[in-house]
Amino acid sequence: MASPAAKPPFRRVLIANRGEIALRVIRACREMGMSPVSVYSEADAEAQHVRAADDAVLLGPASPAESYLRIDRVLAAARQMCADAVHPGYGFLAERAEFARAVEDAGITFIGPSSRAISALGDKLAARRVAREVGVPVVPGTFDPAPVYRPDDVADIVEQARAIGLPLLVKASAGGGGRGMRRVERLEELPAALISGSREAAAAFGDGAVYLEREVRPARHVEVQLLGDNAGHVVAVGERDCSIQRRHQKLIEEAPAPGVTVEQRRVVHGLAVRAATVAGLTNAATAEFLLDPEGRFWFLEVNARLQVEHGVTELVSGLDLVREQFLIAAGHPLSDEVLAAAAVAAEPVRHAIEVRLLAEDPARGFTPTPGRIGSWTMPAGPGVRVDAAIDAGERIPPEYDPMIAKLMVWAADRPRAVRRLQRALDEVEVTGIQTTLPFARLLARSPAFEAIDLSTGWVAEHWDPRGDRDRARDIALRAAAVLHEGHAPAGRPAADAAPDGPGARANEPGRERGSEPSAWAAAGRRSGVDRWPR
Amino acid sequence: MAEMSATDAADLVAPDDPSLRVELDPATVLEGDTPLVLRPDDPWGAALRRSDATHALVGQPGNEPAQVILGPVSVGRDGLAHREIVVDGWRFVVAIGSERLARLRERAGSGRGEGVLGGRIELRAVIPGRLVAVSVAVGDDVAAGQQVLVIEAMKMQNEVRAPHAGVVERIDVAPGQTVELGMVLLVIA
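Just so you know, the protein sequences line up as chains A and B, in that order. Letter 492 of the first sequence, counting from 1, is numbered 492 in the working numbering, and no numbers are missing. Letter 121 of the second sequence, counting from 1, is numbered 121 in the working numbering, and no numbers are missing.
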């Protein structure tokens, strides 16, 4: 049987994104014989996704609103470059139905679900209604926009909140990334939470509709990777656990969801396929669920796009999801590879874990740390994949997402994958900015993680950086002193080690005669040669 | 506090004491972080399993060894050696200098602006470099915080100020001269 990929599905692909995902799509383009075209902002003129493309078009200033979010400019770039396909990546315009429609209207293929499906599923309230209609258990809550500014309806919504149960969450219908989300513990907090949540949602998404959802706690976040062709055939190719989050954004993802039985897997895959099929979903998408302590799955929402964490599913299933996206978009039915992967998706034979490395300080509540990278070494070796688009000496712009790399490992089973993750994290070297590496290292070594004690509240409940940072600080201070030029180690005559300064240099020969020359002292001298102005 | 006495003088570290003071740069300091003073008899060097110009491996009792990444050293305006050090992913910028000079500086700093007439004090160089200006003459009255000397180091002009009010008793240096760390520059009585 002739491979459907014998001929490139598209000639020229405009990638409407930046960073590692743009590079990820460029790589798929290269492997499929398609010419990649990048877009960029003024802050990204020297970015890797620009260098790696055949052509690149400047969109505008650094601010996303003036560059990567400008539908008109991205579309103009696609036209100018004669692209016959546009891949949106994730984030930015990926789930803007208006963008998908504009691309479709321009006669260019949008690599993702149809604008109709994006519109239907991007509205979380609509998605909740769709899921409920086909009998998929939905997190208890409301199904229509809550009245926000109508005092006459407050009594009614408070009554509904009472019925749902507390604590509950106010969520944005157009939401994502926790924006517009408010946690409500007492009923009297509800009206204010509705107003502030709605206001934030309106600012972030241009849509202030909010609804109520019971807080399932403790809960694990489990999501199902879906692929659907234009003939309406939708399959699940595996699920992921993304419970470790901070501020409702994922930090660690793994596939398959650990500690879940084959039977539970079949159940959640089936629920996801049912909801996606009725919604008319095509291409790649993800259905998100909460898994409660009783083992029940509750539908949350559908993300009608490629996910950040798609890589772990690729490592377990053996699929190239971006490649499949292109084939589906070109009108091919689900490939034999996809069907084969779907058939065994409930009985995976590998385990993969991803760590998102962020430019954030885990000792200061994950505050962003944009800046210039000093040295940059990523792990390698068996079972390791790194998706990144940054290099030594490059700047992390403050305008964009703080994610700087995705470190993935895979192995035959979870215990081995965890050990491999520990090993891979030890190989990471980033200087110049603080990253979330210490968080990932501690998590990968924690008994809770090993014991699959995962929940969306994990970071809030377990993360305490103080002890580990203090230990590291003490080592840093002592190493700095011991390796300092001119410092005398124990047992060395003081005369050999005048305090720092040019004077110390005159004693160099005498120092060689010092008692018990040790390797560390010699190394300290070597490294200290250029330390002091001469 | 700013008053000088014979007992205060004993508080100063001996001139040949090589003890180092290491503290975190404000950029990476958190509440509760305190400076470290490494004395010459500190046995910690033994914990250093190996090191080169950019990396070190430090043994920890009961723990896996810690991987230490060492950045280049630069000398700041303060005359201290500054260095970025990353330990197990935690990033620190440290300032390293001699404990003796740190004490001297603290002493000078504690007298500044308090308007208290201190005792006789020797002003020492806290940074090596070239003396580019002497702004006072022997016998001049100086006010606390008044600039008395300028030392150029690392292409930067570093002002040396009087730690407290007094009369310039003696000037030991002249413009154009190279000064070394810790050298007596002038005496205010």
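Since the hints were made in silico from the structure, they are not lab data. From a predicted model like this one, the values you see are computed outputs, not experimental measurements. C-beta atoms are modelled at their ideal positions from N, C-alpha and C, and glycine is treated no differently. A hint or two may mislead.
Unchecked claim - Derived coverage of chain B by chain A (criterion: at least 3 residues anywhere in the stretch with Cβ under 8 Å from a Cβ of chain A; other residues may be distant):
1. 19-30
2. 67-79
Stated by the list, open to error - Reference listing, derived: stretches of chain B covered by chain A, where coverage requires no fewer than 3 residues with Cβ under 8 Å from a Cβ of chain A:
3. 137-146
4. 160-169
Hints and how they fare:
1. Evaluation of the coverage hint for the segment 19-30 of chain B: fulfilled, as 6 residues show C-beta separations to chain A shorter than 8 Å, against a requirement of three.
2. Here the segment 67-79 of chain B counts 8 residues with a CB under 8 Å from a CB of chain A, which clears the bar of 3, and the coverage holds.
3. With a threshold of 8 Å between beta carbons, the proposed coverage of the segment 137-146 of chain B by chain A is violated, since 0 of its residues qualify and at least three are required.
4. Figure legend: the segment 160-169 of chain B, annotated as covered by chain A; annotation inconsistent (0 residues with Cβ-Cβ distances under 8 Å, at least 3 required).
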